[in-house]
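Chain A is already provided as a structure; the job is to place chains B, C and D on it using the hints.
Protein chains: 4
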Amino acid sequence: MAADRLLLTEITFHVRFAETDQMGIVHHSVYPVYFEEGRSALSRQHEMPYSKLEQMGYSLALSELNIRFLAPAHYDELITVQTWIERILSRGINFGYKVVRVADGELLVTGQTQQICVDRQGQVRRLPEAWIGPLKTKAGIE
Amino acid sequence: MAADRLLLTEITFHVRFAETDQMGIVHHSVYPVYFEEGRSALSRQHEMPYSKLEQMGYSLALSELNIRFLAPAHYDELITVQTWIERILSRGINFGYKVVRVADGELLVTGQTQQICVDRQGQVRRLPEAWIGPLKTKAGIE
Amino acid sequence: MAADRLLLTEITFHVRFAETDQMGIVHHSVYPVYFEEGRSALSRQHEMPYSKLEQMGYSLALSELNIRFLAPAHYDELITVQTWIERILSRGINFGYKVVRVADGELLVTGQTQQICVDRQGQVRRLPEAWIGPLKTKAGIE
Amino acid sequence: MAADRLLLTEITFHVRFAETDQMGIVHHSVYPVYFEEGRSALSRQHEMPYSKLEQMGYSLALSELNIRFLAPAHYDELITVQTWIERILSRGINFGYKVVRVADGELLVTGQTQQICVDRQGQVRRLPEAWIGPLKTKAGIE
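Protein chains in written order, with the numbering used here: chain A, 31 to 172; chain B, 31 to 172; chain C, 31 to 172; chain D, 31 to 172.
Some hints could be false.
Copies of the same chain look alike in the list, so a pair counts if it works inside one copy or between any two.
Below are the SDA-like pairs computed for lysine to any residue, each with C-alpha atoms no more than 20 Å apart in a straight line [to be verified]:
no.	residue 1	residue 2
1	LYS128	ARG46
2	LYS168	GLU40
3	LYS82	ASP106
4	LYS82	HIS44
5	LYS168	GLY54
6	LYS82	VAL132
7	LYS168	TRP114
8	LYS168	ASP149
9	LYS82	LEU108
10	LYS82	MET53
11	LYS128	GLU94
12	LYS166	MET78
13	LYS128	ASN96
14	LYS82	ARG46
15	LYS82	HIS104
16	LYS82	TYR105
17	LYS128	GLY163
18	LYS166	HIS76
19	LYS82	GLU159
20	LYS82	ALA133
21	LYS82	GLY54
22	LYS128	ARG35
23	LYS82	GLU107
24	LYS82	VAL45
25	LYS168	ARG150
Source of the hints: derived by calculation from the structure; they are not laboratory data.
Isolated chain A, as found in the complex:
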């Protein structure tokens, strides 16, 4: 597959107070949660709800996480998380992310994650076609 920024999805929300640290900025450990929120938004919007995958007995386990921090976010700021699929593999999906401050459009954070499909015993499995198929169709991947 080769599509660029496949199924790009945006979700916008306010920074929570509890997400700040004593430097007065959003603590870095919060961004993986923002990314996950982005994946949830993507799967809801494109009718591949992650909760459905879990009902089928599978999960997407994170195998790799990379984040670059360019500028801090602050309490009460509106931020947008952009999430897209970079690559669909037989046993996993790579996602890309950007976090942008709404007020001035500043790019705060970029990131990538690699998710692999595992069953309830934690074994790596092929992504179930019933879940990934509609997504491929939508994305124009045969």
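Structure of chains B, C and D alone, referenced to chain A:
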């Protein structure tokens, strides 16, 4: 003052995956964060933004927190946090909360918090009139 | 039963940086996590490991949480969480807590929780005797 | 400089219940917090306490975070976080991490972070010699 559920504000959002625990439900330590999100929504909606209070050199420090857990919330569920002011004191505010699942209207959690006004040295102070005044006017409190 | 501060257990650790907020103090939503850490310490120390209860198919679900915040904790400070059983009920346990700063002995937080025993379907159940019995024996409760 | 695993420090603690998610494992966003705990342990143990750097008016801001997840950790497991300095730069420090389960020695997670020194205005600055000097001496770096 005597108003009932003063400045009642609702904010609705999805439960995040990271907020669940191995019991498959939202971990109880997340509800204080939901309550805080409710207070932020209330202060934004009623033009008493908490960030403005912080700019004035004050904070609302939590002095008491009480929560009753009636039913669990789950990943991806839409929930509504209802937040209101129960009482305005010279040096603090008492808030009340309900968390409700949108799908079936089930009441999940109720709570109360007591916030006291402190300055940057952590000393208890009267709430600045410039911040609390407009709110009292709006609420019909002289 | 009537024992005072039954199975009182102490656990001491450093405040984590991520636990602070922009007020420069430990965010209040962290204390329920400290309390839980206290319960884990109690159950490990008194051979009633919570993980064993979970293996039996039960959980202790929080039904009520009350916290009073007296003074703030800060990053890198050593704090001690004191945890004890206030009351053993047929279907639950009430715990009490104190959080104390080691350096000066200042009492930072007090709290209580009510835990009820639930099975994997979330139904309220009697505490399994195999788990609670040894604890009662140890505590001198018939 | 070229030292291997400079100032390698270990800290061992139990996985907290709140750190698990509905997959029954430690949520991936917790590992950056474990890494930070590792850095705190390193700075305490080697007399370069991070709190002292903050008192000097500086912070170490995270500019990059990379994590590989090899196997999951579970509630109540004892884990050891190994933390070391990979490189000291004029304006920052690169750290490396391993998280290992104590019971069987399994390697769970590896990671790297890049920290840059910033002042209270968020400007990038040289690491203050009063703070980094003793560390270089200890590490045998001129």
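Do the hints match the structure? See the list:
1. Proximity of LYS128 and ARG46 under a CA criterion of 20 Å is satisfied in both settings, with 18 Å inside one chain copy and 18 Å between copies.
2. Taking identical chains as interchangeable, the C-alpha atoms of LYS168 and GLU40 lie at most 20 Å apart only when both belong to the same chain, with a minimum of 17 Å there against 35 Å between chains.
3. For a Cα distance limit of 20 Å, the shortest separation of LYS82 from ASP106 across copies, 11 Å, qualifies, whereas the shortest one inside one copy, 32 Å, does not.
4. In the homo-oligomer, the alpha carbons of LYS82 and HIS44 lie at most 20 Å apart only across protomers (16 Å), although the nearest pairing inside one protomer, at 27 Å, exceeds that limit.
5. For the homomeric pair LYS168 and GLY54, neither the shortest alpha-carbon distance inside one copy (42 Å) nor that between copies (31 Å) is at most 20 Å.
6. Proximity of LYS82 to VAL132 under the C-alpha cut-off of 20 Å is restricted to the inter-copy arrangement: shortest distance 19 Å between copies versus 31 Å within a copy.
7. Proximity of LYS168 to TRP114 under the C-alpha cut-off of 20 Å is restricted to the intra-copy arrangement: shortest distance 14 Å within a copy versus 44 Å between copies.
8. Taking the shortest Cα distances, LYS168 and ASP149 never come within 20 Å of each other, neither inside one copy (25 Å) nor across copies (42 Å).
9. In the homo-oligomer, the alpha carbons of LYS82 and LEU108 lie at most 20 Å apart only across protomers (16 Å), although the nearest pairing inside one protomer, at 29 Å, exceeds that limit.
10. Proximity of LYS82 and MET53 under a CA criterion of 20 Å is satisfied inter-copy only: 14 Å between copies versus 39 Å inside one chain copy.
11. Taking identical chains as interchangeable, the C-alpha atoms of LYS128 and GLU94 lie at most 20 Å apart whether they share a chain (17 Å) or sit on different chains (14 Å).
12. In this assembly of identical chains, LYS166 and MET78 lie within 20 Å of each other by CA distance solely inside one copy; the values are 11 Å within and 47 Å between copies.
13. In this assembly of identical chains, the alpha carbons of LYS128 and ASN96 lie at most 20 Å apart whether taken from the same copy (12 Å) or from different copies (16 Å).
14. Taking the shortest alpha-carbon separations for LYS82 and ARG46, only the inter-copy value of 15 Å comes in at or below 20 Å, while the best intra-copy value is 28 Å.
15. Only between protomers do LYS82 and HIS104 lie at most 20 Å apart by alpha-carbon distance; the minimum there is 13 Å, versus 34 Å within a single protomer.
16. Taking the shortest Cα distances, LYS82 and TYR105 sit within 20 Å of each other only across copies (11 Å), while inside one copy they are farther apart (33 Å).
17. For the identical chains of this complex, LYS128 and GLY163 are neighbours neither inside a copy (26 Å) nor across copies (37 Å), given an alpha-carbon limit of 20 Å.
18. In this assembly of identical chains, LYS166 and HIS76 lie within 20 Å of each other by CA distance solely inside one copy; the values are 11 Å within and 45 Å between copies.
19. Taking identical chains as interchangeable, the C-alpha atoms of LYS82 and GLU159 lie at most 20 Å apart only when both belong to the same chain, with a minimum of 13 Å there against 38 Å between chains.
20. Proximity of LYS82 to ALA133 under the C-alpha cut-off of 20 Å is restricted to the inter-copy arrangement: shortest distance 17 Å between copies versus 35 Å within a copy.
21. In the homo-oligomer, the alpha carbons of LYS82 and GLY54 lie at most 20 Å apart only across protomers (15 Å), although the nearest pairing inside one protomer, at 38 Å, exceeds that limit.
22. Taking the shortest Cα distances, LYS128 and ARG35 sit within 20 Å of each other inside one copy (11 Å), while across copies they are farther apart (32 Å).
23. Taking the shortest Cα distances, LYS82 and GLU107 sit within 20 Å of each other only across copies (13 Å), while inside one copy they are farther apart (32 Å).
24. In the homo-oligomer, the alpha carbons of LYS82 and VAL45 lie at most 20 Å apart only across protomers (15 Å), although the nearest pairing inside one protomer, at 28 Å, exceeds that limit.
25. Proximity of LYS168 to ARG150 under the C-alpha cut-off of 20 Å is found in neither arrangement, the shortest distances being 28 Å within a copy and 38 Å between copies.
The structure is inconsistent with the numbered hints 5, 8, 17 and 25, although it conforms to all the rest.
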